[in-house]
Amino acid sequence: AQRVTQPEKLLSVFKGAPVELKCNYSYSGSPELFWYVQYSRQRLQLLLRHISRESIKGFTADLNKGETSFHLKKPFAQEEDSAMYYCAQTKAAGNKLTFGGGTRVLVKP
Amino acid sequence: NAGVTQTPKFRILKIGQSMTLQCAQDMNHNYMYWYRQDPGMGLKLIYYSVGAGITDKGEVPNGYNVSRSTTEDFPLRLELAAPSQTSVYFCASSSGTGGTEAFFGQGTRLTVV
Chain S
1 AQRVTQPEKL LSVFKGAPVE LKCNYSYSGS PELFWYVQYS RQRLQLLLRH ISRESIKGFT
61 ADLNKGETSF HLKKPFAQEE DSAMYYCAQT KAAGNKLTFG GGTRVLVKP
Chain Y
1 NAGVTQTPKF RILKIGQSMT LQCAQDMNHN YMYWYRQDPG MGLKLIYYSV GAGITDKGEV
61 PNGYNVSRST TEDFPLRLEL AAPSQTSVYF CASSSGTGGT EAFFGQGTRL TVV
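Protein sequences, first through last, are from chains S and Y.
Quick note: the first sequence uses our numbering, first residue 1, plus one each step.
Quick note: the second sequence uses our numbering, first residue 1, plus one each step.
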C-alpha cells in the first residue's frame, strides 16, 4: 500500500530561520510527489510538484529516490508561511492521491 | 470560476441518521476524491473515482457509499451516522494527466452527536 510519512506534526521556527519539512514515501517505482498547503480558513492548494522542479514562494523540494524522500525546504521562513503542509503521492498519472499526516508550521516573529 | 463546490459547509447529525454530502466540479475532470481530515491525523482517502460509472475504495471506506453517474458530481453518502464519522470532509478533482494538480472544495464540517 502507498504510504506517505511526515514525522513532524509541528515545526516552530523564528522568522528568517530555515525550515525543513520531512516527507518519506513508500512506493518503489516512479511516484509523483507533491506538497500541498492549507492556510488558515483557506482551501487546500498545491504548493509544488516534483516533476516541475520549481521554486514556489521560496520553497523547494528534491526527490531522493535512494532515500525515498521528498523534503520541503525554505532558507528564510516568513510569518505568512505559517500553515499546514501535506506531502502527497500518486503511483501513476491521476491514480489515487495519498497524503501524509501533515506538518503544522508556525513561524514566530 | 467555481472549481470544486461542496455542500453543505456545516452539518450536525444525530447518531443513526443518514445524509449525502454533495460535490460538484465544473472543470471536466475525470478523477474525483473524497477525504476526511481528523485533527492531527492528516487526510485519509475514503473513496475515489476515475470516471463516470467507476468508483473504488480508499483507506477508510466503511460507513460510506459513493456514486458517479456524471462527470461533474460525486456525492458521498453516510448511512447510520456514528460519532466516529465526526470530521471535516474534503472533495477534490483532477484531470488525471501526469503531475496533475488536485483541486479541493472548501470542506464540510460534520458533527455526529
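Derived from the structure by calculation, the hints contain no laboratory data.
There's no promise every hint is true.
To be verified - Which bits of chain Y does chain S cover? Going by a derived footprint, with three or more residues having C-beta under 8 angstroms, they are:
#1 18-28
#2 38-52
#3 82-94
Model, not experiment: these values are computed from the prediction.
From the three backbone atoms N, C-alpha and C, an ideal C-beta is built for every residue, glycine too.
(message) Quick check: do three or more residues in the segment 18-28 of chain Y have a beta carbon closer than 8 angstroms to a beta carbon of chain S?
(response) violated (count 0)
(message) Is the coverage entry for the segment 82-94 of chain Y by chain S consistent with the three-residue Cβ rule at 8 angstroms?
(response) It holds: at least three residues are needed, and the segment 82-94 of chain Y offers 3 whose Cβ sits within less than 8 angstroms of chain S.
(message) At least three residues with a C-beta closer than 8 angstroms to a C-beta of chain S: is that true for the segment 38-52 of chain Y?
(response) holds (count 8)
Checked against the numbered hints given earlier, this structure breaks only hint 1.
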